Structures are given as C-alpha cells and as structure tokens.
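One letter stands for each residue in the lines below.
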Amino acid sequence: MSSDLVEITLLSLAVSGAATLISLLIGLPIGTWLALSRFRSRHLVLSVVNTGMALPPVVAGLFIALLLWRSGILGGLGLMYTPGAMVIAEVVIAVPVVTGLTVAGLGQLDPQLHLQLQGLGASRRQTVWWLWREARLPLLAAVMAAFGSVISEVGAAMMVGGNIAHETRVLTTSIVLETGRGEFGNAIVLGLVLLALAFIINGILTWAQQRGPRR
Amino acid sequence: MTPAPGTADRGTVADRATNGAGRPASTLLEVRDLVVTRANRRILAVDELTIRKGETLAIVGPNGAGKSTLLLALAGLLRPDRGSMVFEGAPVVPARDLAYRRRIGLVFPAPLLLSTSVFGNVAAGLRFRGVGAAETRDRVEHWLERLAIAHLRDRPASQLSSGEAQRTSLARALVLDPHLLLLDEPFVALDGTTRAQLLDDFERLRVEAPTTLVLVTHHLHEAARLGDRLAILLEGRIRQCDVTERVMTSPVDADVAAIVQTEARVRGHIVATEDGLVVVDTGAGSGRDVEERARRLLDATRASGRAAPDDDTGAAGGA
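Going down the list, the protein sequences come from chains A and B.
Going by the numbering used here, the first sequence opens with residue 1, and the numbers climb by one from there.
Going by the numbering used here, the second sequence opens with residue 1, and the numbers climb by one from there.
Okay, chain B solo, but in the shape it has when bound:
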C-alpha cells in the first residue's frame, strides 16, 4: 500500500498491479489528486484511482459519499477544482473533451430516455458520432437483440416499463462499443424480479462482450457479484480499493468493515460472534453442524491473525 504523496490517509488506495484473476493488466484510466468542491464543501478528494483494461471496478459507499460525483468526474462531465486524468496515455480535459466522451458510455440510475422510439434512443449516440445509417441500423438491432428488447424497436420510449426502459438505456450505452462503460446505480429503480433478471442478463453480456466497467452502487451484493475489484468510498475519499474478496474479508478500517458487515448481516443470519468476529450462515451450505463449524471458523480466523477492525496495519489475507 503506497499512499499518494501529501496524504496522511491510511489505506487510501490499496491496489496492486493485478486484476481480479491475478494477472497484471494495463492501465486504461489513471486519476490523480481529484478534488471537487461544491458550495464550499469538499465532496470528493480522490488521491489516486487506477482503472485497468478489461476489469470491472465496483465503487460502493453510502448515499452522499460522492459516488455519483466521482462517476461524473470520470465521465469528464464536471470540472474538478483540481486533479488530472490520463486515459489510454493521453490527458483528459475536464468538461470539454468531446473526443474522450465519445470513447466512454454512461448510464444513469433513471433511464432518461429521449421522446422518440426505442430504436431512436439506442441510435442517438451513433448519430452524434456521424455513423452511417446502415451501420447504425445493424449495430442498434444487434444490441436490441442482445438485451431482449428487439420486439420493442418501434415503441415510443414513453410506453416502456421501467425494466424495458433501463434495458434501452443500457443498450444505448453498449451500442457505442465504449472503451470504458460507467454505470451509476443502473438497477436501482427496478423492482426485485426485474432487477434480478436484468442483473443475470447483464452478467452474461459482460462475459460475452468484455469491456472495462465502473459500477457505482450502494448495494454491496451487486458490487461483490459484478466487481473484480471493489472501491469503498466514504465522505468523498476512497478508503480501500482492492480485489473484491480482499476488501470483503480484510477491511482496512472500522468504517469499511461497517459497510462490508452491515450487508453480510442482511444476507444471512449470525450463528456466532466473538470479539468483533462474526460468523454468518448464508444458507448456501448443507446446514448441518452449523455451530460446530462456526466455532472452527472463529478459531481458524484468530489463528491466521486476522486484523481487528481498528488495527491499521491492514489485514493478513482472509482466504
């Protein structure tokens, strides 16, 4: 862990030069010393953030942590007070870099569709780029197919259900074949069933057509499922950024631990606790000898020297 110069923050960025699969990966976007102030309040202060080609980085944090602001900054849509971004080796000019914006895709929590047909919406970005009519039609129809909305091709956007609208919104970004796809809570406005379905489809798409992805969410579950790496954003700062499992098992401080554990409690029920360690039964196992296994787990974890939450020496692997 090497904190950026000039920061006393512990555990600011804890990434190593590996992606989720443990291979070295080349850098796609490099952000340094990004500061955004609004109404005299510092809402974002990211010392260092690296996005690697082909990875999915999930950014998790509570409401008001600055997640959406960070995503807008990454999209080159707002002017930060200071900071630099380097994309594919070239610097990005904030808020006025059309060439950069045309290499990324951006999806908001609300679909924000234009008042035209589904086809017209998905074609919009290609038309902005001056792509010819025949190629536009082919590419749009391909993605309508992939997102299972081909039958809605000519329907006005106003007549779509929320799930269909968000599929259209995703198709509208994916059709651009972006080098970097930025998703801001893309499933948040959907009901449970629709959300699960779209999440399934999206996961499949990600395997079929790999792209570099930054996903902002306040659902740890979504982040853990889709993210190769996980960044925890709190009060505008990235408190930990590492391979997902490592963040989940070895939070660098008490705040990160609170985020990771709050979600863990929700997903199962606690079978044992001891001195800040919690064992949760997720219901995925056989269900036999739960308490016995919980005790063994606690013993093993203590033996492996798992760091207490307030210990800032970091953690010694939680595998």
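So that you can see chain A by itself, here it is in the shape it has in the complex:
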C-alpha cells in the first residue's frame, strides 16, 4: 500500500499542479482582458464565465469524454483514460474559476490606477504587471481556489481517467474505490493525505499572499 500511496499522491499532485498552471496561463490573460476592456457583449461573456465557475465537474467530464472518445473529434489523439485527459478535464473546470476571480480581483482596484500607471509612462506590459502586483491577494486566492477545486475533484477524474491502477489512479478516485470495497481504513488514510496536501499547498500560497507591505 505505501509505495502505491506515494505513487497515487504524486500523480494527484502532478495532474492538479499541471491543470492549475495551464488554467492560469489561460484564465489570467482572459480575466485581465475582461477586467480592463469595455465592449458591448462584456456582460454576456462575464455571465458565461461565472456560470463556468459553478460548472459541475461531471458535466465537464462528460464534455471531455465525448471529445476524447475513440469516435470523438479528438479521439485520434488516444488520450482517453490517460493522465493527459484528466489534466484537460481539470483545466476546463479551473479556467472559469481563475478567469472569474481575476476579473473580480482586478475589478476591486481603483479604475484610475491603470490610467495612473500609463500616465507614469508604463508600457502595456508594465501596466498589466503592476496591476497584477496590486491585485496579488485576490489573484493568489484565485490560484488557491483553482488548485483546491481540481485536487478535490472526483467526477471528471473518474470519467476521463478511469481510475486505472498505476496509470490514472489519484487520491480522490482511490478514496471512492476503497470506500466502495469497504476498506475504510485505507480510505481514511488517503483522505488524510489529501487534506494534508491541500493544507500544505494553501499554506505556501497564503504565506506568499500575506508577506510584503500591504495597502
């Protein structure tokens, strides 16, 4: 069990970490753009994003399963029941979370701040960097929320990963399995590891969030 536990834990971390990172790369720019620009259908896009934040993971899992299924549009990639498929599904779950919280975080800043930065001679890139820096508390909260939602998620991981031993078995899916078998002792150990992981990662992010001068 112990070598299996390490393997399962590492895969959980890898899948969730990769999904969080990718969703940041996608959600942060989109959220920044949504926060700073004004266009006609902005409210509609924001509503879609906010709905996405409440997207049930099994629905995300269903979409990705349909895409990756052998007869699906992306079936040729052979990703179904691989960690890659799990990462894709988790990204779909996390991107709206990152995007929505980025919009909210940047929305809390003084609307004139970006004009002031530009008035000081900041380029576009420098302006965005400093706005992110000013909004780093809510943005790190966005990272925590994204990571929290993907590491604790079981529906999509089960549907597109399949809980295959040594291949796609992660902490949440094995908790479901062990509980189903009546192996409550194993399930409790796995649950505690999951809790500890979430605590450590959020502890690190909280430390990063709270250090430095505050406004």
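These are calculated hints, taken from the structure and not from any lab test.
Since the structure is predicted, the reported quantities are computational estimates derived from the model, not experimental observations.
Quick list of simulated restraints, FRET-style, between CB atoms: (1) Gln108/A / Val290/B: 50 to 60 Å; (2) Arg155/B / Ile200/A: 28 to 38 Å; (3) Asp110/A / Ala99/B: 24 to 34 Å; (4) Thr193/B / Ile200/A: 46 to 56 Å; (5) Asp255/B / Ser123/A: 39 to 49 Å; (6) Asp110/A / Ala90/B: 24 to 34 Å; (7) Val176/A / Arg155/B: 47 to 57 Å; (8) Pro62/B / Gln108/A: 24 to 34 Å; (9) Val35/B / Arg211/A: 40 to 50 Å; (10) Leu137/A / Gly130/B: 22 to 32 Å; (11) Trp129/A / Ala99/B: 15 to 25 Å; (12) Asp4/A / Arg96/B: 51 to 61 Å.
C-beta atoms are modelled at their ideal positions from N, C-alpha and C, and glycine is treated no differently.
Let chain A serve as the given structure and place chain B on it in line with the hints.
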C-alpha cells in the same frame, strides 16, 4: 480673438501670442478640434487650445464640465472621436503613444500609490523607462528632499497621511522631469492646512524648477494663484482662455462672469454694487474709507467702458 473655422461659438479661445509676462513663447502642445463623446453625449468639444513652453495654464470649470476628460485627452490616455494634438512639432497618436506618455507627467486627485515604499513609488516611472539603478536613486532622493518627504523614504505607501501621499504622488511625476506636467485637482483631497502648506511648497518648486504645467481645478483661487493663463471650461467647451488677470476682470460672457464672480464673493465681502458691477473688500487693504473708494472704483470702471456681461464685443481691459 479668432474663432476656429466652422464654429459659431463666440469667444472660444481668446489667447494671444504672449505668455503671462507678455513675452512671445513657443508652442509646446497644440490641440485642435478635439471631440470626445461618451454614451451618445458630447462631453468635450475643444476647438483650439495651445499650451506654450514654460507657462502654467489653469483650467477651471464646475464639476462635470469635462475638465478631467480634457486632461486625460491631453495625457494621450483616451481616444477622442476626432481631433489632433501636436507636441513639440510631432503629432500625438491618441491612446497608444508611449513615447509621448514618457515625456509627460500626470497627477490625479487621489494619490493612487502603488503598494510599495515611498521610494518604490517615486522610482516607478524611472524604472518603466529603464533608467539605471544609481541614477534612479539619485533622482528619487533629490525629489524626496525637495518635497520634504525624505524621512519617509522606506515607509510603505499605505502608512502615509493624505498630505504625505499627495507629496509622494507629486514627487513621482516631477522626478520624471516631464516636458509637460498635467495636474488634475492635485490638492482637492487635502484638509485646509495641509493644502495651504503643499500649495506654498508647490509654488516655490515651480519657481525653482520651471516646467510647463496644466492645472485642472474647480478652485478659482488656486487657478488664479498658480496660472499664468486661465481657461474656463463649461459644458465641454473652452469659453475663454486668456491671461489670468484678463479673464478675471473681463469675462467674455455671463457664464464666465458667473464663475469668476462667485469666487470673488466668497473671498471678501461686497461693499458696493451697481448695475451688475460689484466691489468686493478682500481685507487686504488698509480698511479706511472703503465706501468712498468703492464709489470711485465704480465710477472709474464705468468710465473705462467695462463691458456688461451680456455684451459679446468682449471687454476693454480691466487694469
């Protein structure tokens, strides 16, 4: 007075080719036919505005007159519906001209400091421009000294009083050595004492380190004190723009007169009125024979042919 072509507005821009001291001055920024519309409402329509090298132009108007919008447009930060700006002989591309933005300084009514130290805030603009660390330190420390905030160098911006924060904000713009400094109500958020102090310091700085300045304010008192020339902005239009004393004494129309006189009443008390003319005792004189002198003033003003407020032929000097 030569109204821009295509405008029926009387007294749009009444500037002559002189600065406050009466000398000819070269043009720094030339604005023409600037129109800004938001939500189907025209909030700015400036036919012509010239800012001359070394002068201080004060823009005065009531809330909602479009002052801040004009300043943002001058800063190249918003895209007008139409209009052109020429700065030091080269056209400015609105909303995307980084080179232009790096030659100006901009101060907002609220300090809008970044969540870093006072030093970090004042250094920000220099860092944007890629100025080296040693030069940045020297220039920042020089301006912290000049604005009397050197002792706050390492303090987080969040721990400053409003006066200290606005000094930091001014230092942050002045350290850039801007060709044109744009100030939007820079003293408005301060209490009376702090405001007076900063105004004193600022006036001194302006003499020591002359730069071209555009000051937006709804305080005529501030504008008259700092401005070589005064522009009155009403409903998005510049109704009069001239040497400060001339605007104060010879408003081109009733609206401008209302702005100038409202403030005059506040600063002293009326000792005589006659047919739209008002004599105000500012308390600066000896206080003797006030009424007698008021009558003489009224007689003299009438004799010099001072225009009535609704007379659009303009005014014949109020000196």
